[in-house]
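K.L.:
Residue strings, one per chain:
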Amino acid sequence: GENVEQHPSTLSVQEGDSAVIKCTYSDSASNYFPWYKQELGKRPQLIIDIRSNVGEKKDQRIAVTLNKTAKHFSLHITETQPEDSAVYFCAASRRGGSNYKLTFGKGTLLTVNP
Amino acid sequence: NAGVMQNPRHLVRRRGQEARLRCSPMKGHSHVYWYRQLPEEGLKFMVYLQKENIIDESGMPKERFSAEFPKEGPSILRIQQVVRGDSAAYFCASSPFLRTGNNQPQHFGDGTRLSIL
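Which chain is which? The protein sequence lines are A and B, in order.
If you count the first sequence from 1, position 23 lands on 23 in my numbering, and the numbers rise without skipping.
If you count the second sequence from 1, position 76 lands on 1076 in my numbering, and the numbers rise without skipping.
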């Protein structure tokens, strides 16, 4: 089955700096890669996703890049703010049939210091 | 459009009792997923259901756990004879179905925090 590795497990940055979180996946058939933000005691919230036919996707201060050959994808947050502090999870899944289930990384605790 | 609704938010059970967790998907969503999250860990897939069908239960323990998504009403995750190791947050997510078959974003509920005494 799919295995998703996520690094780093913790990341501390100063407000205004950029933050980068990296994930690798093992299943070359995976083609959908969402990122979720989870604040303490809250639900995971989808912040951005990318499909395998696209190399990069941007939404304001958030961007995701995908390298299918190397089987890794990254989340980039620019101009970080204290409210970006949370745990971020990457995930991967295949397309179709029973394959829609998400396999998650173990998460990155991002702390943005004011 | 109401989001994914889960209840109860918190559930306390004694060892050996049954726990019943409910999930109502977003309006128009026909796919439901259950995930389990242990403290300071990621989410682990348990089961994927469509109306009246279990599509994939590969992540759900074979014993004591069952899930359903009836034609009418919410999806139910049922844990019989609970043990301490069942203590976790259980999240439900839902997504719509599109004929293209492409993955659709999964939207999560607030979860049920299950504590076993």
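Quick caveat, the hints were computed from the structure, so don't treat them as lab data.
Don't take each hint at face value.
With a Cα cut of at most 27 Å, we get these calculated DSS-like pairs of lysine-lysine [to be verified]:
(1) A:K106 to B:K1044
(2) B:K1027 to A:K22
(3) B:K1027 to B:K1044
(4) A:K68 to B:K1027
Here are the computed distance ranges between Cβ atoms for each label pair [unchecked claim]:
(5) B:N1053 to A:S26: 37 to 45 Å
(6) A:N67 to B:I1076: 36 to 44 Å
(7) B:E1018 to A:S18: 46 to 54 Å
(8) A:K58 to B:P1061: 37 to 45 Å
(9) A:E5 to B:S1058: 16 to 24 Å
(10) B:R1015 to A:E83: 34 to 42 Å
(11) B:E1068 to A:Q81: 36 to 44 Å
(12) A:D17 to B:N1007: 34 to 42 Å
(13) B:L1038 to A:E83: 40 to 48 Å
(14) B:G1085 to A:S9: 19 to 27 Å
(15) B:R1064 to A:A70: 27 to 35 Å
(16) A:K106 to B:G1085: 17 to 25 Å
All residues carry an ideal CB built from backbone N, CA and C; glycine is no exception.
K.L.:
Against which earlier hints does the structure fall short, listed by number upward?
P.N.:
Hints 2, 4, 5, 13 and 15 not satisfied by this model.
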